[in-house]
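Enquirer: Going down the list, the sequences are from chains A and B.
Mapping to the working numbering: the first sequence position 6 is 6, numbers consecutive.
So the mapping is simple: the working numbering equals the position in the second sequence, first residue as 1, plus 1000.
One thing to keep in mind: the hints can contain errors.
Cut-off 20 Å, straight-line C-alpha distance, at most; resulting in silico cross-link-like pairs (DMTMM-like, lysine to aspartate or glutamate) [what the hints assert, rightly or not]:
#, chain 1, residue 1, chain 2, residue 2
1, A, 70, A, 15
2, B, 1071, B, 1054
3, A, 103, B, 1038
4, B, 1009, A, 38
5, B, 1071, B, 1030
6, B, 1071, B, 1038
7, A, 103, A, 83
8, A, 106, B, 1059
9, B, 1083, B, 1030
10, A, 103, A, 71
11, A, 103, B, 1069
12, A, 103, A, 15
13, A, 51, B, 1099
14, A, 51, A, 83
15, B, 1083, B, 1102
16, B, 1014, B, 1030
17, B, 1070, B, 1059
18, B, 1083, B, 1024
19, B, 1009, A, 71
20, A, 51, B, 1038
21, A, 106, A, 17
Restraint-style ranges between C-beta atoms, simulated for each label pair [as the list claims (entries may be wrong)]:
#, chain 1, residue 1, chain 2, residue 2, range
22, A, 44, B, 1022, 16 to 22 Å
23, B, 1062, A, 14, 26 to 32 Å
24, B, 1080, A, 52, 44 to 50 Å
25, B, 1069, A, 5, 24 to 30 Å
26, A, 95, B, 1086, 21 to 27 Å
27, A, 98, B, 1079, 19 to 25 Å
28, A, 110, B, 1018, 42 to 48 Å
Where chain B lies over chain A, by a calculated footprint (3+ residues, C-beta under 8 Å) [to be verified]:
#, region
29, 13 to 23
30, 99 to 108
Just so you know, the hints here were simulated from the structure itself, not pulled from any lab data.
Every residue gets a Cβ at the ideal spot worked out from N, C-alpha and C, and that includes glycine.
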Amino acid sequence: GQQLNQSPQSMFIQEGEDVSMNCTSSSIFNTWLWYKQDPGEGPVLLIALYKAGELTSNGRLTAQFGITRKDSFLNISASIPSDVGIYFCAGRRAGSYQLTFGKGTKLSVIP
Amino acid sequence: DGGITQSPKYLFRKEGQNVTLSCEQNLNHDAMYWYRQDPGQGLRLIYYSQIVNDFQKGDIAEGYSVSREKKESFPLTVTSAQKNPTAFYLCASSQNSGEATDTQYFGPGTRLTVL
């Protein structure tokens, strides 16, 4: 199955900095999801996006559904040490029950 | 508490042995999924089930088998035919409403190591 192109692969940032990551696909999706995974745990849903152009926030997190429906980005503002983890994007095509996942962005926050 | 449970958290098996991973959910979700995760990789779909007594192969079903006899349970068997079974296995479920808002929620995972 196809995987989404997620970038960057990893990031090292200072505490307090803002973070941006994105996912792109050659296919159109009608749903974009962003998950966070802590080491040894299952992914936890952060934000779900259902409409092209939609901009949704969850605390310090903001995600957008690209207007072409082929991309999405996630921003984290004022990062803190507990933001450390792997962030995954996932997309679902219209009429499909399956999700396609990116390979993840590993975030490290330096106190 | 509502959620998805997977047991055990860590599992060790000898090469050539079959092993069954448990997944239970009390969210009243119709659909359940099994994913495999390898280091530095995204999640790859092994099997999924949209309804009781029905399941479909995902992208990497070879060497795995599943059953869905009850709505709340979706066990995964890793057979000896799976050539590289050591991985982190994740179970997920969703309402299966068919709507775009249908979202998958994950269990805590089982780390399988084959010696």
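Enquirer: Holds or violated: are the alpha carbons of residue 51(A) and residue 1038(B) at most 20 Å from each other?
Expert: At roughly 31 Å apart (the allowed maximum being 20 Å), residue 1038(B) and residue 51(A) break the hint.
Enquirer: Are the Cα atoms of residue 103(A) and residue 1038(B) separated by 20 Å or less?
Expert: holds, 10 Å
Enquirer: Regarding the pair residue 1070(B) and residue 1059(B), is the alpha-carbon distance no greater than 20 Å?
Expert: Distance of about 24 Å is beyond 20 Å: violated.
Enquirer: With a cut-off of 20 Å on the C-alpha distance, tell me whether residue 1071(B) and residue 1054(B) pass.
Expert: holds, 10 Å
Enquirer: Under the criterion that the straight-line Cα-Cα distance not exceed 20 Å, is the pair residue 1083(B), residue 1024(B) satisfied?
Expert: violated, 26 Å
Enquirer: Is the gap between the beta carbons of residue 110(A) and residue 1018(B) within 42 to 48 Å?
Expert: holds, 45 Å
Enquirer: Holds or violated: are the alpha carbons of residue 1014(B) and residue 1030(B) at most 20 Å from each other?
Expert: violated, 34 Å
Enquirer: Given the hinted pair residue 70(A) and residue 15(A), is their Cα-Cα distance within 20 Å?
Expert: violated, 31 Å
Enquirer: Take the C-alpha atoms of residue 1009(B) and residue 71(A), compute the straight-line distance between them, and say whether it is at most 20 Å.
Expert: violated, 34 Å
Enquirer: Residue 1083(B) and residue 1030(B) were given as a pair; does the straight-line alpha-carbon distance stay at or below 20 Å?
Expert: Not OK: residue 1083(B) and residue 1030(B) at ~31 Å, beyond 20 Å, violated.
Enquirer: Is the hinted pair residue 51(A) and residue 83(A) satisfied, with a Cα-Cα distance of at most 20 Å?
Expert: violated, 26 Å
Enquirer: Verify the CB-CB distance for residue 95(A) and residue 1086(B) against the hinted window 21 to 27 Å.
Expert: Distance hint for residue 95(A), residue 1086(B) is violated at roughly 35 Å.
Going through the hint list in order, the structure does not satisfy hints 1, 6, 8, 9, 11, 12, 14, 15, 16, 17, 18, 19, 20, 23, 25, 26, 29.
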